[in-house]
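Chemist: Quick note, the sequences are listed as chains R and U, same order. Numbering-wise (this note's numbering), the first sequence opens with residue 1 and increments by one. Numbering-wise (this note's numbering), the second sequence opens with residue 10001 and increments by one.
No lab work stands behind these hints: they were computed from the structure.
For the chain R half of the interface with chain U, some residues (derived, Cβ under 7 Å), not all of them: (1) R422; (2) P423; (3) L424; (4) Q432; (5) R941; (6) A942; (7) G943; (8) M944.
Below, simulated SDA-like cross-link-like pairs (lysine to any residue); rule was C-alpha separation at most 20 Å, straight line: (9) K435/R to L10089/U; (10) K435/R to Q10040/U; (11) K883/R to V10059/U; (12) K426/R to D10027/U; (13) K1020/R to W525/R.
Using N, Cα and C, we set each Cβ at its ideal position, and we do this for glycine too.
This is what each chain is made of:
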Amino acid sequence: MNAMLTGLLTAVLTQRWVVLAFAALLAVAGGRAWLQLPIDAFPDISPTQVKIILKAPGMTAEEVERLVTRPLELALQGIPQQRLLRSTSKYAIADLTVDFVEGTPIDWARQQVINRLSETRAELPGGLEGGVAPMSTPLSDVLMFTVDSPTLDLRERRQILQRQIRPALRGVPGVADVNLLGGDALVLNIAPDLLALQSAGLTLEELARQIEQQNQNQGAGRLDLGTEAITVRIEGQRQQTEAVEALSVRGSNGQRYRLTELASVSIDRQERYGAVTHNGQGEAVQGLVIALRGTNTGELIRAVQQQLQTLQPMLPADVHINVFYNRQQLIDTAVGTVEEALGLAVLFVVLVLVLFLGNVRAALLVAVNLPLAALATFLLMRYAGMSANLMSLGGLVIAIGMLVDSSVVVVENTLDRLATPRPLPKLHIILQAVKEVSLPVISGTLIVVIVFLPLLTLDGLEGKLFIPVALTIVFALLSSLVLSLTLLPALCGWLLHPAAEQHPHWFSLLQRGYAAMLERVLAHWRRFVVSLVLLFALSLLAFSQLGRTFMPTLDEGDIMLQIEKIPTISLDASIALDQRIEAELLAKVPEIEQIVARTGSDEIGMDPMGLNETDLFMQLKPVRQWRQPDKAVLEAEIRQVLQQFPGVNFGFTQPIDMRVSEMLTGARGDVAIKIFGPDLAVLADLAAKTAAIVSQEAGAVDTQTAVTAGSKLLNIRLNDAATDLYSIDSAKLAQQVRSSLAGIEVGQMMDGEWPLPLLLRQRHEVSTETLAQLPLLLDGGVQTTLGTVAEIKRIDGPVAISRENGSRFALVRTNVAGRDLVGFVGAIEQQLAAKLPLPAGYRLVFGGQFENQQRAAGRLLLVVPLSLGLIFLLLLATFRDSKKALLVLSNIPFALTGGIFGLFISGEYLSVPASVGFIALMGVAVLNGVVMISHFEDQWRAGMPLGHLVRAGALRRLRPVLMTAATALLGLLPLLFVSGPGSELQRPLAVVVISGLFSATVVTLFLMPGAYQWLMHNNKARK
Amino acid sequence: MVNAQQQSPQVMLTLIVPQSLADACADVLMQIPVVQGFTQDAVLGFSRRPSAMSTAEQVAGRQANSRFQLLLGEDEAQIVLANLAQQQLSGRLHYELSAVLAHGHYLPAEVR
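Just chain R, same shape as in the assembly (with noise of 0.2 Å):
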């Protein structure tokens, strides 16, 4: 190993010029990978999940659980590498979603469910609709907006919206889809007169059929003509309004009509599943621009809004298109966090560097490997395929601190070695100064890097958040550990001359001031270790104090509502109650901006939402305009408003944040409870006493029930009389009744460019009480009503059934405000076993964001003692000696000793991110322990007397120990400062490294020397 840093040493000295060519090759190539990598806000956490959506018109939620939902689950759980199967069955949807473990192709996914449907589809109800869903990630959904006109109805603007914006954004590179939510979308409706197809003789059948007939365009074969083909086709769609009315239609006694003369003709509205308001003003028309899986979100959101650019002078002049959600506003904010984030830590590094070395050249040279170890960073995340986001950034800005360690001891070990007169070459100098802190300076970083490896096999959404963060520190530490053994010692031969080495005045000071502070420690050795160990303890007990979390929300900066009516509610009446609810809120919240919200399905049917389900999207005003700058003083004052409306359930949530809920575990919140069971109306019970005792727990906030019950339905049956007097039977009966509700689909004409429904759709009012009144004209002209045919039933039912790998459930969700979450869970825990015992086949789960808590915590536990264990083994590698190698590990325990206490004061509580700071501690921690000791270990085998080679060593060790520990912290110490997306998931880990380095500092520099010397006393006197 000596020979091979040797070697390379030399090579680098020798070879000067070719370092200083690859260096700017490296800065070249990397800004290069800067400019290419794509950018996000944060990493892409979606699971590799496959959703079916299937649509089967008529079936109540237990039908559909029964016919479709439970066959779908028995093909689907035999597909391998499968974690978890859920389901959701609903009036006429089936809405399953297969969960795979980590790391399983998405496209074997999706063909795996494919087959699987196809191979049962045989078995499941005719007339069902969908299948696999588009693929998407909680990323997918870049930008939103409405289409805006004070003169152009709701029609008109969706046409726009459909026939020329929509296909424009559809073209863009990197664009899946366009959402379409809200308006009306157009039919040509025939609307029959009874009376009229009586005496022609017709049913509604025989109009429908005919219509479809005549209606169509058929390919019939292909003649020859001479030596070319042509093709023969036979037409018949029509393209006017006016061809359709003059269709012609046989009645039964063989006379020809003209369909105006049966029906009527007009365009109509289609049947509405959702709907959009805005600003509480009236409807309106919204389009979601939904990205391609792995696309480069700035490239593409730029690419869109110069489409849309390009666009506008084609649209109608009053025509406005309002975007009010902009993922790039969420990317600039968090790329710009980060961004002033790292630029303060840079320059404090550089002003503590100037600072110590007195040296402004010197501190320049260590500075100049910030810029290239992060452009080498950039290249090295460029070849792994990952994304510049918050996390990834993050881990930048983590690491700058640690970037200088390696070429800090570097540069200073040199400027020492220069600055003792010696008639040998400068160049060789170099050589020795280098040598002699290389090996200390590899094991230390690799330390560092075993030190993050725990984090690498984080799961789920910790894992997709972190694995970014430790990459790039891992990739920033390699970067700069190379280009402190190779630029480094090129750049000092050219930059540092021999020179008396002037510490600053203020240096010289700290110096005597350590020595007698030290002198007093060795003094009274045993007291002190004493202290320290009484200090462990005493963290210990605050450790078990501390409050225990998953991970701060990340702010994306707007808020959304998801609002929950009750089950039966109409679409009129829903979107009555959002513009009501959409007023409000803007009169009493002047911070919001505007509003929008969109209830029910989306066209696509990505989101197939109740009537009664409303996502409500609340864009804010820059923080500089509102009356207090935090964002939950805001959410208590919409609290307070929506609960204003009674029967209204509500939660918070964010654009992201609701998808990767939704995604992850199909609940969203802190703690999300599920009680499993077979009996519905058992499981609606329990859930709503669990309700009941969980929101009398302090902490408790926005508890709700997933509403399950009270769907109302109109059951209609065949009499057992009217199918014997009448040719009726039920198919024939559900037509009737369609052609004068939801209308039955008759073909397409053709509107120009575009297909335009045929929808046969009887018009007259229908009500409740009407509805047995309704006319029906039978076969042989027979006319009659539908009271005298069938009964009329009013059942209730659920709204939705909800299952998990095969087993129904009841869920119970709540936030938790002002206190820990796991500290939250366990007293409710106790509490639900008190209050509540279950019957026997039921039993209760907590998930959420505790689940994810939980894991993390289990496999941190797992996985650190044994990154510990390879620490060890490398530090058995350095110093050949195990108590060496233990006495440089007892740094960590009172390392962290600080970094216990910061959080305890602060007041934050032990997370994923604190624990990510926990473990940048122990890295520092063991790197300080490894250059103290290395020292010492050279002077011992130089022959220097004990006692003078641990004060002597210990004093020589003080510049660069606290050199590095004051770049570690100025370093973070910006993340205690900035606000902004991102800055509540770094600011527990600042909070860990910063006070830890306080604690770690200290016992390098106090405990380290006494330690070596009180073990090198006991293996003399064993001698």
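The hints should help you fit chain U onto chain R, whose structure is shown.
Modeler: Structure of chain U alone, referenced to chain R:
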């Protein structure tokens, strides 16, 4: 016949230090003005004093050392030894002085 250039009577100063002190020893020698040059090679040594060897060296049975050989005049050799005695590494250094019967090098043919 090849002419050889004869030198005045000299001693061979042999220094043996542990490999870990080789660089330090080389640095010291390079700074002593009377040292015009030296050769250095890696050697293995054995000692019956087990405490002189690390555990790994005890396992191997031999110690990794570095040997320096300097051709000096007798007075010069004493200057070098005095200088080395003041260094920290002197406690780990073994030296031998031996008489050199003859030494020299061959001149290039053109010079003859």
